[in-house]
Structures are given as C-alpha cells and as structure tokens.
Amino acid sequence: MAGILALVHLQHADRADKARLPRRLVKDHQNPFAAYSEDEFIRRYRLSKECIHTLLGQVEPDLPKAKDGRGCSIPAYLQLLTAMMYFATGSSQICMADCLGMSAASLVLVVVLSLVLVVVLLLVLLLVLSLVLVVVLLLVLLLVLLLVLVVVLSLVLLLVLLLVLLLVLLLVLLLLTYPDTLLLHRSIADLRGK
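To convert, count from 1 in the sequence shown and add 123; that's the working numbering.
Misleading hints may appear alongside valid ones.
Now the in silico label distances, taken between C-beta atoms and shown as ranges [stated by the list, open to error]:
| # | residue 1 | residue 2 | range |
| --- | --- | --- | --- |
| 1 | F156 | L254 | 38 to 44 Å |
| 2 | S215 | L246 | 25 to 31 Å |
| 3 | V235 | S171 | 28 to 34 Å |
| 4 | S196 | L170 | 22 to 28 Å |
| 5 | V273 | T300 | 36 to 42 Å |
| 6 | L272 | V247 | 36 to 42 Å |
| 7 | S215 | S253 | 48 to 54 Å |
| 8 | L201 | V247 | 30 to 36 Å |
| 9 | L272 | V251 | 30 to 36 Å |
| 10 | V251 | V273 | 29 to 35 Å |
| 11 | T205 | S253 | 44 to 50 Å |
If you are wondering where the hints come from, they were derived from the structure by calculation, not from laboratory data.
Yeah, the Cβ is synthetic: ideal placement off N, Cα and C, and Gly gets one too.
Starting from the given sequences, assemble the full structure and let the hints guide the process.
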C-alpha cells in the first residue's frame with residue numbers, strides 16, 4: 124500500500140513539474156499555420172486560421188502561379204498569407220521579427236538602440252561641423268580685420284602724401300608770390316654772418 128501511495132505521489136509530482144515548465148516547440152516557419160498559435164496568427168493576419176482556410180479555398184483557383192527569385196513556385200497559401208500580413212500589420216515590425224527569428228520587442232529594442240546611435244552620431248557630426256564653421260568664421264573675421272587695417276594704413280599713407288604735397292605746393296606758392304622776400308631774408312642772414 125505504501126508503495127502505491129509513493130508511486131501516485133511521484134506521478135503527481137512529475138505532472139506538477141511538467142505543468143511548470145513550458146514546452147519548447149520547433150516551429151516550421153514555412154507553414155505559418157503550424158508555426159503560430161491562434162493568437163499569434165490573428166495578430167499577424169487579423170483573421171483566424173479557419174477564416175484563412177475558408178478564404179484560401181475561395182481564392183486559390185484564381186491566384187496566379189507565382190515564382191520566387193530562384194524559380195521555385197510559391198504555394199497559394201503563402202501568397203495569400205503574405206498579402207494578408209501586409210494588409211493586416213500596417214508596419215513591417217512583426218514581419219521583420221519573423222524573418223529575423225526574434226521577438227517584436229527585441230526588434231523594437233534593436234531599432235531604438237540603432238536610432239539612438241544614429242542620432243548621437245548626427246549630433247557629433249553637427250557639433251564638428253559647428254566647430255568648423257566657427258573656425259571658418261573666425262578666419263574670415265581675421266581676414267576682414269586685416270583688410271580693414273590695410274585700408275586704414277593706405278588712407279593714412281595717402282593723407283601723409285597729400286600733406287607733403289600740400290606743403291610743397293605752399294612752398295612753391297610762397298616762392299612764386301614773394302620771391303624777393305625769400306631773397307631779402309637770405310641777404311640779411313648773409314650780412315649778419317659777415
């Protein structure tokens with residue numbers, strides 16, 4: 124009797140362990156009917172497996188014989204499911220996750236991290252371009268200041284030349300106007316010196 128109770132207890136414990144551990148199933152990704160649970164299927168195609176089977180029965184005779192890039196024919200159910208997924212998802216997130224063999228949440232994480240990296244790289248590039256622009260503007264400002272300095276120095280030189288010319292003209296004018304006065308002053312200076 125004790126042996127039977129121990130056996131029953133062992134079977135019960137074994138069932139409890141099996142109930143706690145989720146089973147991992149190898150999914151056939153070529154056959155979405157087998158690969159997805161009913162909820163996953165509805166989330167991807169917006170229709171139940173039964174509705175898709177019914178729809179497939181109605182449209183299969185009218186579907187063209189499509190071939191993939193290698194020349195292999197694409198089954199009618201894959202053509203219909205591809206179109207239904209395209210119409211149902213509204214985005215390629217689930218499709219990409221399916222193709223890459225990862226969950227949609229992992230895909231979002233990868234996309235967000237990639238987007239953050241791209242934004243950071245763009246900000247760094249913007250910062251570098253801003254620094255280059257500041258350096259270029261400083262160089263242009265320096266060139267403008269040098270140009271202003273050259274212009275000011277040229278104006279000062281021109282003013283000095285004009286003053287010298289004016290003095291020469293005044294001297295010539297004095298010589299022409301009072302030639303005797305200059306000679307008289309020279310004569311007086313000569314007399315004093317003797």
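(message) Are any of the numbered hints broken by this structure? If so, which, sorted upward?
(response) The structure breaks hints 1, 7 and 8; every other hint is satisfied.
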